[in-house]
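Colleague: In the numbering used here, the protein residues as written are -11 to 171.
By construction, these hints were calculated from the structure, which means they are not laboratory data. This structure is a prediction, so every number in the text was calculated from the model and none was measured. Every residue, glycine too, gets a C-beta built ideally from N, C-alpha and C. Fair warning: there could be bad hints in the mix.
[What the hints assert, rightly or not] Here are the in silico distance ranges between beta carbons for each label pair: (1) Arg115 / Thr139: 38 to 44 Å; (2) Ala33 / Gly84: 32 to 38 Å; (3) Cys7 / Ala33: 37 to 43 Å; (4) Ala6 / Ala133: 32 to 38 Å.
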Amino acid sequence: MTLIEHFLPRHQFSERHACAIAASPARILDAVAAYRPETDPLFRAMIGLRELPMRLFGKPDHQRASFGIDDFTLLGRDETSIVYGLVGQFWKPNYGLVSVSDGAAFLAIDADDVAKLVLAFTVNRDREGQTRLVTETRVYCPNHATRLKFTPYWLLIRPVSGLLRRRILSSVRKTSEQGELHS
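I would like the entire structure built from these sequences, with the hints used as guidance.
Modeller: This is the structure:
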């Protein structure tokens, strides 16, 4: 069983993107782990736009730092995958995040009013010696009411999410291949 299957075998929403990288699987996963989306100007702009209602209409004492990779929890890593998790009411201006300490805590959450999201990066070596890096996002909504709240949000953010995932892949490829050339 893959890590993504372990942490979120059932889901209603998913998105996958992939690229080939001329580097070792370990180097690629290290680059994934080191990647900071906050360094991407497009990511910062899109998160700023997404958070504008919260910043304009939220109570000052309920403001939070901008959303980023630190909001995710590392659920697991093995020789072929890194999986991050997030739990919340993502359709709310403040994301409605639920604190998750680790993979066991993620699996233990059984609430009707929140969605569970996993973001996985998986590497597979092909016959030509290149490694294929796949990023997959999955979201599970525990009931019809939660799906009804999440669906419009998913439809709105999915195009931007896909663009940002492709930019992550490109950055990881560049970092991994540069590192491979100098090793």
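Colleague: Hint by hint, say whether it matches the structure.
Modeller: Going down the list of hints, with the structure as the test:
{"no.": "1", "hint": "Arg115 / Thr139: 38 to 44 Å", "verdict": "40 Å, holds"}
{"no.": "2", "hint": "Ala33 / Gly84: 32 to 38 Å", "verdict": "23 Å, violated"}
{"no.": "3", "hint": "Cys7 / Ala33: 37 to 43 Å", "verdict": "23 Å, violated"}
{"no.": "4", "hint": "Ala6 / Ala133: 32 to 38 Å", "verdict": "33 Å, holds"}
Hint check: violations occur at hints 2 and 3; the rest are consistent with the structure.
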